[in-house]
Amino acid sequence: GESVGLHLPTLSVQEGDNSIINCAYSNSASDYFIWYKQESGKGPQFIIDIRSNMDKRQGQRVTVLLNKTVKHLSLQIAATQPGDSAVYFCAENSLSGYSTLTFGKGTMLLVSP
Amino acid sequence: SAVISQKPSRDICQRGTSLTIQCQVDSQVTMMFWYRQQPGQSLTLIATANQGSEATYESGFVIDKFPISRPNLTFSTLTVSNMSPEDSSIYLCSVLGGRTTDTQYFGPGTRLTVL
Chain A
1 GESVGLHLPT LSVQEGDNSI INCAYSNSAS DYFIWYKQES GKGPQFIIDI RSNMDKRQGQ
61 RVTVLLNKTV KHLSLQIAAT QPGDSAVYFC AENSLSGYST LTFGKGTMLL VSP
Chain B
114 SAVISQKPSR DICQRGTSLT IQCQVDSQVT MMFWYRQQPG QSLTLIATAN QGSEATYESG
174 FVIDKFPISR PNLTFSTLTV SNMSPEDSSI YLCSVLGGRT TDTQYFGPGT RLTVL
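Sequences listed follow chains A and B, in order. With this note's numbering applied, the first sequence has no gaps in its numbers, which climb one by one up to 113 at the end. With this note's numbering applied, the second sequence has no gaps in its numbers, which climb one by one up to 228 at the end.
Isolated chain A, as found in the complex (with noise of 0.2 Å):
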């Protein structure tokens, strides 16, 4: 299929390495942020969302971690298997408002066997 990651930063990873992927975001006033994965010649898939009232919310193999402070956000992917290798996008929303998502850049995940 078609690549997305064509531009995108990039992380390399062997397998079994834990991988932190980052996301700064731009609204302070964004309550609600989403990780979505992107496989080649695929649409976005939800991976793990997190609330503003939260700094850290847990899921299977994967934990989102938010610093409200300097709008950041990151995942944390434990035991990197060949199967994560994607492009990663973090994405905003303020649920009090209009709901429409703000993605960010994103960033393409490597691993090798």
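Hint data in this document are derived by calculation from the structure and do not stem from the laboratory. One or more hints might be untrue.
As the list claims (entries may be wrong) - Below 20 Å or equal to it, Euclidean Cα-Cα: the simulated SDA-like pairs (lysine to any residue) are:
#1 37(A) with 22(A)
#2 105(A) with 149(B)
#3 37(A) with 149(B)
#4 42(A) with 153(B)
#5 37(A) with 154(B)
#6 105(A) with 171(B)
#7 37(A) with 76(A)
#8 105(A) with 164(B)
#9 105(A) with 9(A)
#10 37(A) with 119(B)
#11 120(B) with 45(A)
#12 105(A) with 157(B)
#13 42(A) with 139(B)
#14 42(A) with 221(B)
#15 56(A) with 18(A)
#16 42(A) with 116(B)
#17 105(A) with 153(B)
#18 120(B) with 141(B)
#19 105(A) with 154(B)
#20 42(A) with 121(B)
#21 42(A) with 200(B)
#22 105(A) with 172(B)
#23 37(A) with 151(B)
#24 42(A) with 151(B)
#25 56(A) with 70(A)
#26 42(A) with 216(B)
#27 42(A) with 178(B)
#28 42(A) with 201(B)
#29 42(A) with 157(B)
#30 178(B) with 135(B)
#31 42(A) with 135(B)
#32 37(A) with 155(B)
#33 105(A) with 53(A)
#34 42(A) with 114(B)
#35 37(A) with 114(B)
#36 42(A) with 226(B)
#37 56(A) with 216(B)
#38 37(A) with 153(B)
#39 42(A) with 119(B)
#40 37(A) with 115(B)
Keeping the supplied structure of chain A fixed, place chain B upon it in accordance with the hints.
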């Protein structure tokens, strides 16, 4: 999450023609959106498809170029009109609602190439 399908999955079109992309959801949803993803780029919101009224367009996108229909709570179309090579992109629909009210879920996308 809702199951979202798009047609066509990909197409190659000639300059000056128009293409209509369909988005079908397996359940009624409150809101539907259309995004564009240019090669190697992130997603940009084109418009919100409103059921029973005109779509709400984001800055830089106009109805004459991207007419949108939403006749009911499970279906929407986006037309890319008078295409040029700069319109070559992935076009994605997303939905908000159904089982969850805060999270947007995306369709598989339509990959458009304009020659």
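Here's how the hints hold up against the structure:
A C-alpha spacing of about 14 Å is found between residue 37(A) and residue 22(A), which places the hinted pair at or below 20 Å, so the restraint holds. Proximity of residue 105(A) to residue 149(B) is assessed by CA-CA distance (about 13 Å); at most 20 Å being required, the pair is judged to hold. Distance restraint check for residue 37(A) and residue 149(B): the Cα-Cα separation of roughly 16 Å lies within the 20 Å cut-off, and the hinted pair is therefore satisfied. Between residue 42(A) and residue 153(B) the CA atoms are separated by roughly 14 Å; this keeps the pair inside 20 Å, and the hint holds.
Taking the CA atoms of residue 37(A) and residue 154(B), the gap is about 14 Å. The hint holds against a cut of 20 Å. For a cut-off of 20 Å, the pair hint linking residue 105(A) to residue 171(B) stands: about 18 Å separates their Cα positions. Note on residue 37(A) and residue 76(A): the hinted pairing holds, with a Cα-Cα distance of about 13 Å set against a maximum of 20 Å. As the CA atoms of residue 105(A) and residue 164(B) are separated by approximately 30 Å, the hinted pair breaks the 20 Å bound.
Between the alpha carbons of residue 105(A) and residue 9(A) the distance comes to roughly 9 Å, so the proposed pair stays at or under 20 Å and holds. Between residue 37(A) and residue 119(B), the direct Cα distance comes to roughly 19 Å. Compliance with the 20 Å bound is thereby established for this hinted pair. A threshold of 20 Å between alpha carbons decides the hint, and for residue 120(B) with residue 45(A) the separation of about 18 Å falls inside it, so the pair holds. The hinted pair formed by residue 105(A) and residue 157(B) meets the criterion: a straight-line CA distance of about 10 Å does not exceed 20 Å.
Using a Cα cut-off of 20 Å, the hinted pair residue 42(A) and residue 139(B) holds, with the two alpha carbons roughly 18 Å apart. Annotation: proposed proximity of residue 42(A) to residue 221(B) holds, straight-line Cα distance about 5 Å (limit 20 Å). Annotation: proposed proximity of residue 56(A) to residue 18(A) holds, straight-line Cα distance about 17 Å (limit 20 Å). With a C-alpha separation of about 14 Å, the suggested pair residue 42(A) and residue 116(B) falls inside the 20 Å cut-off, and the hint holds.
For a cut-off of 20 Å, the pair hint linking residue 105(A) to residue 153(B) stands: about 10 Å separates their Cα positions. For the proposed pair residue 120(B) and residue 141(B), the alpha carbon gap of about 19 Å is at most 20 Å, so the pair holds. Note on residue 105(A) and residue 154(B): the hinted pairing holds, with a Cα-Cα distance of about 7 Å set against a maximum of 20 Å. The suggested pairing of residue 42(A) with residue 121(B) holds, with an alpha-carbon distance near 13 Å, which does not exceed 20 Å.
The straight-line distance between the Cα atoms of residue 42(A) and residue 200(B) is roughly 19 Å, inside the 20 Å bound, and the hint therefore holds. For the given pair, residue 105(A) sits about 19 Å from residue 172(B) by alpha-carbon distance, which is consistent with the 20 Å threshold. Distance hint between residue 37(A) and residue 151(B) is fulfilled; the C-alpha atoms sit about 17 Å from each other, no more than 20 Å. For a cut-off of 20 Å, the pair hint linking residue 42(A) to residue 151(B) stands: about 14 Å separates their Cα positions.
With a C-alpha separation of about 15 Å, the suggested pair residue 56(A) and residue 70(A) falls inside the 20 Å cut-off, and the hint holds. A threshold of 20 Å between alpha carbons decides the hint, and for residue 42(A) with residue 216(B) the separation of about 18 Å falls inside it, so the pair holds. Note on residue 42(A) and residue 178(B): the hinted pairing is violated, with a Cα-Cα distance of about 25 Å set against a maximum of 20 Å. Restraint check for residue 42(A) and residue 201(B): satisfied, since their Cα atoms lie roughly 16 Å apart, inside the 20 Å limit.
For the hint linking residue 42(A) to residue 157(B), the alpha-carbon distance of about 16 Å falls within 20 Å, and the restraint holds. Distance hint between residue 178(B) and residue 135(B) is fulfilled; the C-alpha atoms sit about 16 Å from each other, no more than 20 Å. Restraint check for residue 42(A) and residue 135(B): satisfied, since their Cα atoms lie roughly 16 Å apart, inside the 20 Å limit. For the hint linking residue 37(A) to residue 155(B), the alpha-carbon distance of about 12 Å falls within 20 Å, and the restraint holds.
The straight-line distance between the Cα atoms of residue 105(A) and residue 53(A) is roughly 24 Å, outside the 20 Å bound, and the hint therefore fails. For the hint pairing residue 42(A) with residue 114(B), the CA-to-CA distance comes to about 16 Å; that is within 20 Å, so the pair holds. Under the criterion of a C-alpha separation no larger than 20 Å, the hint pairing residue 37(A) with residue 114(B) is consistent with the structure, at around 15 Å. For the hint pairing residue 42(A) with residue 226(B), the CA-to-CA distance comes to about 16 Å; that is within 20 Å, so the pair holds.
Between residue 56(A) and residue 216(B) the alpha-carbon distance is near 18 Å, which keeps this suggested pair within the 20 Å criterion. As the CA atoms of residue 37(A) and residue 153(B) are separated by approximately 15 Å, the hinted pair is consistent with the 20 Å bound. Restraint check for residue 42(A) and residue 119(B): satisfied, since their Cα atoms lie roughly 11 Å apart, inside the 20 Å limit. Annotation: proposed proximity of residue 37(A) to residue 115(B) holds, straight-line Cα distance about 17 Å (limit 20 Å).
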